[in-house]
Every structure is written in C-alpha cells, then in structure tokens.
Amino acid sequence: MDFKLTEKQRAFRQEVRAFLKRELSKGIYPKGNNCFVHQFSKAFSKEVAKKGWIGLAWPQEYGGKGWGYVDRTIMLEEMFMAGAPMAYHFIGDRQVGPGIIHFGSESLKEKFLPKVLDSDVCFCLLFSEPDAGSDLANARSTAVEKRDHFLVNGQKVWTSNGHLADYGWALVKTNFDPEVSRYNAFSEMIIDMKSPGVTVRPIINMAGVHSFNEVFFDNVVVPKEYLVGKKDNGFRQIMTNLDYERAGIERLMQNYQTKEALFDYVKTTKDKGKPLSEDPLIRNTFARLEEEYHVARLYLYYVASLLDQGKIPTFEAAMGKTVATLYESRLADVATTIMGLPALLMPGSPEAPFDGMVCDDYLWSPSYTLQGGVVEVLKNIIARRGLRLGAK
Amino acid sequence: MDFHFDEEERMLMVSAKKFLEKEAPARVVRALYEDEKGYSPEMWEKMGQLGWMGLPFSQDYGGYDGPFLQLGVIQEALGAAAVPTPFFTTVVVSGLLLQDWASPEIKEEYLPHIAAGDSIVTLALAGKSGLYGWDHTGLVAEAFPGGYRLEGSAYYVPYAHVADHFICAAKTPSETGEGVTLFLVGRHSQGVDTVPLKTVTGLGTECVVRCQEVEVPPDRVVGEVGKGWQYIKAVWPQIAAALSCECVGGMDKVLDLCFGHVNQRIQFGRPLSAFQVVQHMCVDMFAKAETARHAAHYAAWMLSEGMACRKEASIAKAWCGEAFKDVTKMAHQVTGGIGFTEEFDLHLYTRNAKRLEVSFGNGDYHRGIVADALDL
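Taken in sequence, the protein lines are chains A and B. So the first sequence is numbered by my numbering: it starts at 3 and just counts up by one. So the second sequence is numbered by my numbering: it starts at 100 and just counts up by one.
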C-alpha cells in the first residue's frame, strides 16, 4: 500500500502550478467555477497544448505522452484549483481522443488526433435527447446509411458548448430492425457542426447562463469515414468510455472556487467582534466539508490508480462520481446558507461578494448530481455491478 | 499510487482473519460479553505467540519494528470479529505512549513484556464525564518527599481489573496550567481499587480505577512532569487511525450480514435485493464502507511513513466512526425484525460501532482538530 506520488509526479504538479500562475496572472483568460465546461478559451487551451498536456494519458504512438491517469489527475487538480479555462479542449482530451484511439479508423486518427492535441478543434457531445436522458438507449436520432454517406435526422439536447464546438461526437440510430435489441442499434459518429442542416439553439439554464443547447439535424450529410468503430456497436463503445469519463476529478472540483470563497468569507466576516471562522458551529461545518472532500478526493485518485493498473473500474467510477457530486451539491448549499443574504446577490449585481460566484454556484448545483449520469442511476450500476444485487 | 494491501500486508490480514474466525467466532464474542475478565487469556496468549503485540516495537524490546500499517491491519481484523480484547489499550495506546515518551529505563522494564504479550497495560485517562481534555482527568497527583500521591477516580479504563499496570493521567500543579503527568502504577499497589463497569460492549471491558493515597515513586513518571497531556496528544493520530481501521473491519462484516439477508429474504414474491430502495440503501452503506477504508488506510500509511498527519487521522476517525455507526443503523433498516434479535449478530456490531464512534473523541471532537489544522 503506497499513497506516495513519485518524484516525477511531484515535480509535474509544481510545473503545472507554475505554468498556471504565469498564464493566469496575465489576466487575459476567463476563469472561475465550472471551468471545464464554461470557462472557454482557445488561446489558453493552445498554451496547454504547447506543453504537451493535452492527451497526457493517450498512448505515445498516437501523439500522447503515454502517462497515467494519476498523472492526469494531478494536472487537472491543479487546473481546477486555479479555475483555469479548459472548456475548449476538455471533451476532446477526455473522451473524443480515447474514443478515436480505441475504435476509430486510421483515417479518423490522422484527421482528428493531431488537431485535438494541438488544440485546433473543439468537440461537443451529442448523446442525450428529449426522450433519452437516463435511458440513453431510447434515443431516436437516425443515421440512415446511403451509398457514400449517412443521412442524419433528429435532435440532441443538453449539448454543452454546442454553439462553440467545431464537431460533435454523436450517438445515432443506425439499425432499424425491430428484432434487434436497442443496445445494438446505435453507432458513434463525428458530425461537423457547420454542416448544412445542423441548427444549434441555446438552452438557458436556471443560473441564467447559456451553456447547454438543443441541436437539430435536418438531413445532415455525414461522410462514411466519420463513423467511429463498428456500425451498430456505438452504445457499447460509449459504455466502455463512460468508465473513463465518469470519475475524473472534475466531478469533485467543479465548484472548487466556492470552497475557497467560503473560507475567505468566514475568515474576514465578523460577528460580535470575532471572525465567523472562530464560531464552533462554522468550524464544525467546515471540517465536515473537508472530510467529504478528502474522502472523495482519495476515492477519485483510487479510480485513477485502478486505470493505471489496467483495471476496469466497472462500478468504482460510478461510486467516485456519486460521492464527489454529492459533496459538490452540499458545498454550494452550505456556502450560501452560511453567507446568507450576500449570497443571494447574482453576478453583475453591485455589492455581490466574489462577483456573485457563490450565488451562481448554487443555481448551477442541481446539475452536479444530474449531468453525466444521475446519482440514482449510478447507484443502480453500483448495486448491479459492484454488489451483484438485483441480478436477473 | 496503490490503494491495495501489498503481498505482506495482505498475508497478515488473511492470517489475522483466519485466526479470529477460529478463535473468536460470534459464539465466543457473546460469551466474552458475559465474562468477568472481559477477554480470553487463551486467545491473548495465542495472539502473543503470533507476534501481534510485538509488531510496532523496536527489536531492542523484542518487537518487530513493524510499520504502523501492520497495526492497522490487526485492528481491522479485530473490528471484523468484534471481539473484546485488551490489544488496543495495551499495544496501541499504552505501548506507543511508552515507546515514544518514556525514559530508556522505563521502556526497558515495560516494553519487552508488552511486546511479548505477557503484560496488560492500560491508560487511565478520563474522568467521570468521559470528556477528553487535560482538565477532565479524574485523578489528581500531589508531590511529597517520597514521590507523588494519587487521589481520585479514573473512569472508562479498559481492562483495569485484569491489567498488570496502569498509565494514570493525573493533574499535577504546574506553571503552564496544563499540568497533567503520566504515572505507571501497578494494579496491586496499595490504595488502588478497580470497579468493573457494565458497558454496551461487555461486563468486564471497562472499569473505574479508584485511587486513595496511592504512592508513586518519582521514577515511575512517564517522561516529564506536567507534560503528560502533550504526550497523549502526540499519540492521538495513532489512536485515531487504529480505531478507524477497526471501524473498517466492522463495516465489512455488517455489509456481509446485510447482503446475505437481502439476497435470501423473500417478500412480495422476490428477494429484498430485487427492490430498488433496498439496493440503494446497500449502495449507501457500501459507499460509506469504501470511503472509510481509504481514509483509514491513508492515515495509517502516513503514520507508517512518519508523516505528520494530525488532520488526516482526525478526518479518518470522524468519518469512519460515524460511517460505521450509520452503516449499522441502515443495516437494521434492511434486516428488519430478524436484525433486531439478540440471536442475529448485527447488534454486536451496532454496539461496537457506537463504542468506536465516541471513543477517543466523537466526530465533532475530531472535526475540531481538523478545523484547527485548516487554519480557520
């Protein structure tokens, strides 16, 4: 049993930290909460690409560094602590790249991997639909096979940064035989968001922010070579990658800046002549948050270490996301409760502490335990795969 | 990074669990609850022969110079068995206290016996309130030409009635105001009386130690006069980590009991495990057990590495103590009527979980330590 980071890992953390300090002090990039989805800067992502840190955990033969998931976690942890804008490259790095590496043709690898590595392309995910959230296999968008292309029709929803992305990574139906199981009826394919027939419409979330979109496909022509992997094997391909997507440290640190803001707030705000931080109840509350953060962080590093050991975290990824996102949700709630009335001030309001970031976080917080797999469905997965309960 | 036991650690765990499955099945645990001694001398001797008591001590004293994680493994195995034993109080609390803070002479005299397993030594710390603090000790020591006289009562002293020696924490007057001194006192000393208490985990596991003018020569002081509470604070992380590991072992066993039940119990034409709510309750228990596992192991590992880990050890104790308690509560919901019987083994763990939750600081106490470590 050894929790020690190697010399190389420790040095890497310092290198990332120094890089972030240098870059973010320039004051030219956005930063803050939700920095892997909502703080968007191609210029910053380019700087990360120049360091070779996109594709850190991809195999070297595909242009990655061939490092491990613990290494990647270290880098991401530093990025999140700094609130660095990762939205341009995050999806490409986290799952499009690995998806193409695992399942894509040589032509797809040549066409897209270098661009992702150089931060020259931005991807969004085209999975969920109005009728297909937790029940993803209920999706209805179709890709009918023609002689030299697929013709795609349908609609996707909750597409983060669909309005900014160059390409979408889509799950579409390619098998229409009613005898065939839903799970064998889909394909993964890449869709050029600039294609004729693609319409992107904003969805404003309850925080008043445009992050999600609806994406409509009206007879969109998708070249055959943009099919990823085997036709009709898309659902299984996605499920494979979910274990990688699910339990990254982004599940714990999406609102890391709220944690820091709350600390700052209780140290500087006084009640009866003493800082709030001396109040035993506040100390107890903070320590409880620290407990939850600590155990969740350990668990996410655990999942990363399993991946590095070549193991498949069939239920551990779901567990990590569950524990981490429940903490994130609680943090937003606790922070606003402690801060009280000032925490009701929105971004843009005069007098808003931390530019309204904590209020904003609370309004984003319902999404933490919903996006990428709702906690209740994750628990079903843990029960079935981890505890073998309810097996048919 | 590797969160799993290595080969050596795993073998120690497997052998410890095997030993306890044989020597301390539930039947034996139940009998020990009713036993006046509160432990099995035969089992104690066998544990000594296996070398468990020698694990953390220097080879100079007949120990194995083992890393703290090995103690954590034994504690975890003991927690799974829920067996009453003086192991924790003797080896983890008293042994480490003496190893870190006593004079060479005292160590020479006491540690070889502790390490060999032929001595039970227990810390008499708490007062009647059971609160942990330098000013809550139940004993007072007054200096006189021959040494010190101890007066008062120490409460909740594990196995005092069968111990060979106590380490008595007593208030001694001092300029610093935090004057607690640790004294080594033999159980048969003049003026010492032990009164066994009936606790939730047995008839013979904790006692009051009453001292009436107990005379202690100055060479029986552990470390320096007036510094006793500092010494205790210094081993608090070891205590916290060891108890956390015990909780982890207990949780594993409770989960086994629950999963066995929900897979077998049929209602509404299906096993309980077919119902989503029951599945989610099991997952919630599992989440607590797994997060507790890493927290406990991490703290124990940091101690093995000699790293300062006051915060991490207290996070572990707060988390694991409450997690184990919570898991037993959820387990009762899931096991229904049968889980509520004396016959079903769950209550052995429910009792143990509550004991572990409040021993050496409940969750709030340890969160106080965590808050201090955060520079709030």
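Please keep in mind that the hints were generated in silico from the structure rather than gathered at the bench. All residues carry an ideal CB built from backbone N, CA and C; glycine is no exception. Among the hints, erroneous ones may be present.
Cβ pair distances, simulated, as ranges [as the list claims (entries may be wrong)]: (1) B/Met110 / A/Asp194: 55 to 65 Å; (2) A/Gly342 / B/Lys332: 50 to 60 Å; (3) B/Met110 / A/Pro204: 54 to 64 Å; (4) A/Arg24 / B/Ser157: 40 to 50 Å; (5) B/Asp474 / A/Gly342: 47 to 57 Å.
Taking the hints in turn, this is what the structure says about them:
Distance hint check for B/Met110 and A/Asp194: the Cβ-Cβ separation is about 57 Å, which falls inside the suggested range of 55 to 65 Å. Distance hint check: the CB atoms of A/Gly342 and B/Lys332 are about 36 Å apart, inconsistent with the given range 50 to 60 Å. At roughly 60 Å, the beta carbons of B/Met110 and A/Pro204 sit within the given window of 54 to 64 Å. Look at A/Arg24 against B/Ser157: about 49 Å separates their beta carbons, and that is inside 40 to 50 Å.
Between B/Asp474 and A/Gly342 the beta carbons are some 23 Å apart, a value that contradicts the proposed interval 47 to 57 Å.
Violated hints, in rising order: 2 and 5; the structure is consistent with all others.
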